[in-house]
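Chemist: Based on these hints, arrange chain B on the given structure of chain A.
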Amino acid sequence: MPPREGTYGLLAEFDTPSDLVRAAVKARQDGWRRMDCYTPYPVEEAAEAIGFHRNKVPLVTLIGGLMGLAAMFSLETWISVLAYPLNIAGRPTYSWPAFIIPAYEWTILWAGLSAAFGMLALNGLPSLYHPLFNAPNFRNGATTDKFFLCLEALDPKFNLVETRAYLGTLDPVSVVEVEY
Amino acid sequence: MAPTDLKPKNPSSPTNPIRGAGVDPATGEFRVLGLGQTFLSVTQKIAGIVLTPETPLGWFALFSVGGAGATVLLVAITWLFLKGTGIWAVTQPVAWGFAIINFVWWIGIGHAGTLISAILLLFKQGWRNSINRFAEAMTIFAVVCAGMFPLIHVGRPWLGYWLLPYPSTMNVWPQFRSPLLWDVFAVSTYATISVVFWYIGMVPDFGTFRDRAHNRFAQYFYGLLSLGWRGSSRHWMRYETASLLLSGLATPLVLSVHTVISFDFAVAVLPGWHTTIFPPYFVAGAIYSGFAMVLTLAIPLRKFYHLEGLVTERHIDNMGKVMLATGFIVAYGYGMEAFMAWYSASHWEAFMFWNRVFGPMGWSYWVLITCNLAIPLTTLWSRKLRTSIPFMFFISIVVNTGMWFERFVIVVTSLYRDFLPSSWGTYRATKWDYMIYVGTLGLFTALFLLFVRFLPMIPMNEIRMMLPGAKIGPKAPPKNAAEVVN
Numbered sequence: 001m002p003p004r005e006g007t008y009g010l011l012a013e014f015d016t017p018s019d020l021v022r023a024a025v026k027a028r029q030d031g032w033r034r035m036d037c038y039t040p041y042p043v044e045e046a047a048e049a050i051g052f053h054r055n056k057v058p059l060v061t062l063i064g065g066l067m068g069l070a071a072m073f074s075l076e077t078w079i080s081v082l083a084y085p086l087n088i089a090g091r092p093t094y095s096w097p098a099f100i101i102p103a104y105e106w107t108i109l110w111a112g113l114s115a116a117f118g119m120l121a122l123n124g125l126p127s128l129y130h131p132l133f134n135a136p137n138f139r140n141g142a143t144t145d146k147f148f149l150c151l152e153a154l155d156p157k158f159n160l161v162e163t164r165a166y167l168g169t170l171d172p173v174s175v176v177e178v179e180y
Numbered sequence: 001m002a003p004t005d006l007k008p009k010n011p012s013s014p015t016n017p018i019r020g021a022g023v024d025p026a027t028g029e030f031r032v033l034g035l036g037q038t039f040l041s042v043t044q045k046i047a048g049i050v051l052t053p054e055t056p057l058g059w060f061a062l063f064s065v066g067g068a069g070a071t072v073l074l075v076a077i078t079w080l081f082l083k084g085t086g087i088w089a090v091t092q093p094v095a096w097g098f099a100i101i102n103f104v105w106w107i108g109i110g111h112a113g114t115l116i117s118a119i120l121l122l123f124k125q126g127w128r129n130s131i132n133r134f135a136e137a138m139t140i141f142a143v144v145c146a147g148m149f150p151l152i153h154v155g156r157p158w159l160g161y162w163l164l165p166y167p168s169t170m171n172v173w174p175q176f177r178s179p180l181l182w183d184v185f186a187v188s189t190y191a192t193i194s195v196v197f198w199y200i201g202m203v204p205d206f207g208t209f210r211d212r213a214h215n216r217f218a219q220y221f222y223g224l225l226s227l228g229w230r231g232s233s234r235h236w237m238r239y240e241t242a243s244l245l246l247s248g249l250a251t252p253l254v255l256s257v258h259t260v261i262s263f264d265f266a267v268a269v270l271p272g273w274h275t276t277i278f279p280p281y282f283v284a285g286a287i288y289s290g291f292a293m294v295l296t297l298a299i300p301l302r303k304f305y306h307l308e309g310l311v312t313e314r315h316i317d318n319m320g321k322v323m324l325a326t327g328f329i330v331a332y333g334y335g336m337e338a339f340m341a342w343y344s345a346s347h348w349e350a351f352m353f354w355n356r357v358f359g360p361m362g363w364s365y366w367v368l369i370t371c372n373l374a375i376p377l378t379t380l381w382s383r384k385l386r387t388s389i390p391f392m393f394f395i396s397i398v399v400n401t402g403m404w405f406e407r408f409v410i411v412v413t414s415l416y417r418d419f420l421p422s423s424w425g426t427y428r429a430t431k432w433d434y435m436i437y438v439g440t441l442g443l444f445t446a447l448f449l450l451f452v453r454f455l456p457m458i459p460m461n462e463i464r465m466m467l468p469g470a471k472i473g474p475k476a477p478p479k480n481a482a483e484v485v486n
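Read top to bottom, the protein sequences are chains A and B.
Those letters in the first sequence? Residues 1 to 180, by the numbering used here.
Those letters in the second sequence? Residues 1 to 486, by the numbering used here.
FYI, nobody ran anything at the bench for these hints, they're computed from the structure.
We put the CB at the ideal spot given by N, CA and C, even for glycine.
Just to be clear, a hint being listed does not mean it is correct.
[What the hints assert, rightly or not] The list that follows gives simulated cross-link-like pairs (lysine-lysine, DSS-like), each with its CA atoms no further than 30 Å apart: (1) B:LYS431 with B:LYS124; (2) A:LYS26 with B:LYS83; (3) B:LYS471 with A:LYS56; (4) B:LYS45 with B:LYS124; (5) B:LYS303 with B:LYS83; (6) A:LYS157 with A:LYS56; (7) A:LYS56 with B:LYS124; (8) B:LYS384 with B:LYS321; (9) B:LYS431 with B:LYS83.
[To be verified] Chain A residues, not near chain B, derived (Cβ > 12 Å throughout): (10) GLU5; (11) GLY6; (12) ASP155; (13) LYS157; (14) ASN159; (15) VAL161; (16) GLU162; (17) ALA165; (18) GLU177.
[Said to hold, decoys possible] Here are some chain B residues the structure puts well away from chain A; computed CB gaps all over 10 Å: (19) LYS45; (20) ALA61; (21) ARG156; (22) PHE328.
Isolated chain B, as found in the complex:
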């Protein structure tokens, strides 16, 4: 494809529907940042969202919805701890149900945050700067929700520390050949590194908040969080090196985490799970759903807080492109599963696939195909649709649904009719399953709203680097310096 095909046609023509302030006439590309932003305007915009005594009413409305969800989660988990996992629908033959589906779904959502903050930093994709902070926050809150599921699924969560290698009086040690133990290390490392990366990224912005806060308490609060950041050049250089190294480390980490999670399935000798396509297909699916979640969050946020100048159509458009690419990798994964069911010449594989598509729970497979392939992969080609904000919001919800069903299909339809017809069963989630799932959505919303209210949701220091004022002018005589730069 010629590069011009990727740009809006004839940007200056009045008939072009996507012409406007968002398009840079010099390049024909959408601008990454809106026009007329300065160091001060960016700082005031972002700091103003946090450093104000006034909280918008809409925030309270949404927070009460999220808080209600978190309360539902608390109730459901309390009952779970009192009664045990028997209140869920998991039993033989479907021994893994909602808990594992939700675990994989949430972790997958988290991956886009790391991808945006780490991989796109390594590829020097400057446009990521506006969205990386809240994508990282999304990662952390998604990992919080995800990490809960294996813990409550072990049945006796108060013994969860048995997973760790520690010198106990029982002289028992973990078994390092099990993918479930690899998960412990993968997910705990992922959570730790994500939090560190996120926090280190915010330190200079906390410095800005400390210096701009008027309220005494806010000055102390952000002062402590900023660790005394003062913007020294020496500090900045070490800081940049550390950020780059953390990105370089987070990139193989994010790929390994979903790979290890796919091993939970792929290492089992079960038709539908025992397949080598799983690691790449899980990672691509994770990024697919994660970008969908970033859109789900970014679109209302930019509207609500009037951030259209910082999170522009360029971001929405680029995220649509990433979703298109990863969506096709996922489609290849589905195709390969179908192909291997035939090509393996295994009776069990063939039956599993037939049963997955046309069996009593085949509807879930068709929901998945509709939401992950049929709707997004046909429409995301269109630039007009990719830059239509309501449409992209719709697509993000569709893909999130589709990716949830993908995990449902993998977990449930591989298990419910296994080798022995006498042990066939079905799976029907109980109200407790639904309550915990909805509860984590509420918890995620509540945590995200707290983040938006109290922390810098757009990295000010990285946005400043992209402004025209940040260009270092040529070595002109000092008298002309101001004219050269501006």
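The following block holds chain A by itself, in its conformation from the complex:
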């Protein structure tokens, strides 16, 4: 559990995505690990720069989809063969081709819900409070037209004075301290 008081990190603001990516690449090369970029739209290069290459959303989606498929197909089979067998124009009670269609729909339903809610859960959302919202320039820019790099206080290299000076060498527009 991270401490809930003191400094969360130092936030550097950039005007263009290229500046941000260059700064993030540099910080990563210089050994920073606890950091994140904040952009108003997805910037793949920024994610790569901070060393975030793959995520678990596809796996969650696959598991969800397979669960939906298995759930619906077994439900249909159980209902039609055991629980309530009906003679429909002499067709076998186990009419698996007909069962494919609802099972197919449920595969998509569960996979889609797993993708959406799995993504939110992995992102730790919803979380209506975050220390970054305390930064004076963050809300004005991060969702509109500014690009941010945050070096977090949990990184072993973090030192308020030295890190601020270090960020200054990356040519940001501004550097502010973010508090919990």
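Modeler: Same frame as chain A, but now just chain B:
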């Protein structure tokens, strides 16, 4: 066709009628976005429509029209619940009437929204970004209207939950070999996935609204909806993966939904319905009518809210091309129906087709041919007409009408003269049928207007990705960074 034929001829020539700011001189193609847009200008434009205390008077005027329609729907449905489906024109032999026609029509309209948001995303068609959000909203409101019809058509809608497999004290379970039950799963999945896709797409834009709102209530409202979105790179990457996966899932879903709906007809052993062409022909028809509806909505919207820089001639032109292509698939479907009526050598099939075209209700077939084939498929070839805004609005209304008549023709003209001449009848819709249909149009309009007023109708985060400022510059020394990028 050579690729140059698809581009405006000689874009820089002063005699070219479609020359102008909309054409990019480098490629000769229409621009996807107007010139001079920046991250801030796009955000201000789109957020400004919502985050303002002033609502245009025209919005209220249209909303009262839509609201009046929704009220008509409420009245008609109340009477329906009190009296039963006997107030409709459905009886033997035409046991399926307006309710099924409207159901198929509305679901079909919804499909273009999913197509634009999912299939065109997979094909990396960047131009879709301006129109995908309101196309998705159109999908959801169309599904709301569509989903109502099967429910009110069951006669006792308060027992609608009997369609679901649940352990009841009666020990009765649904019958999974019926296409009508497949419909329950197809349409409910479609509605759920569409809503999830739409909402997830809006989350980052809600974050923008939260941060730009001045009004306390708006900050709380959009703050809650944004789930605390803060644009972290890690979040964005998972978000992009999830969007891509949802598109990949929505694509087979949208194809399956109209396929399952066509099974409602095709599985029945009835001339005019029992045909294998139905699934692809229904799906193409759905996309055809859906794009027409997107145009019907987009053309007034871009005019009213001055969005010409974001929804450009390129969008209108491309939508015209998609309509041309799907229109020809639909034409192939009509042709194949006629061909099979002859080639099957079935007396019943041949009679059904003759009766559909020349029988007492043959006028509906000719309305369909005029609106779906004769007018659009001859004119949409012309680039000049495809980029003429009034003409495209006209065409969109024509195609919507035509596609409604297609469903009318399929449902009514296949049923009203069946195997036994002694049971032949006709179909004449009652005022309640019309009231419910007009009512759903009103409900759709009202919901859409609420969406335009309170939600981000153009996805800001996706538009930002397409702006020139979003290009990541080469690894230049930091001092020159700003010059390299801009």
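Chemist: Does each hint fit the structure? Answer for all of them.
Modeler: How the hints compare with the structure:
no. : hint                   : in the structure
1   : B:LYS431 with B:LYS124 : violated, 46 Å
2   : A:LYS26 with B:LYS83   : violated, 74 Å
3   : B:LYS471 with A:LYS56  : holds, 27 Å
4   : B:LYS45 with B:LYS124  : holds, 25 Å
5   : B:LYS303 with B:LYS83  : violated, 44 Å
6   : A:LYS157 with A:LYS56  : holds, 28 Å
7   : A:LYS56 with B:LYS124  : holds, 23 Å
8   : B:LYS384 with B:LYS321 : holds, 12 Å
9   : B:LYS431 with B:LYS83  : holds, 14 Å
10  : GLU5                   : holds, 20 Å
11  : GLY6                   : holds, 20 Å
12  : ASP155                 : holds, 15 Å
13  : LYS157                 : holds, 20 Å
14  : ASN159                 : holds, 23 Å
15  : VAL161                 : holds, 22 Å
16  : GLU162                 : holds, 19 Å
17  : ALA165                 : holds, 16 Å
18  : GLU177                 : holds, 17 Å
19  : LYS45                  : holds, 12 Å
20  : ALA61                  : holds, 32 Å
21  : ARG156                 : holds, 21 Å
22  : PHE328                 : holds, 28 Å
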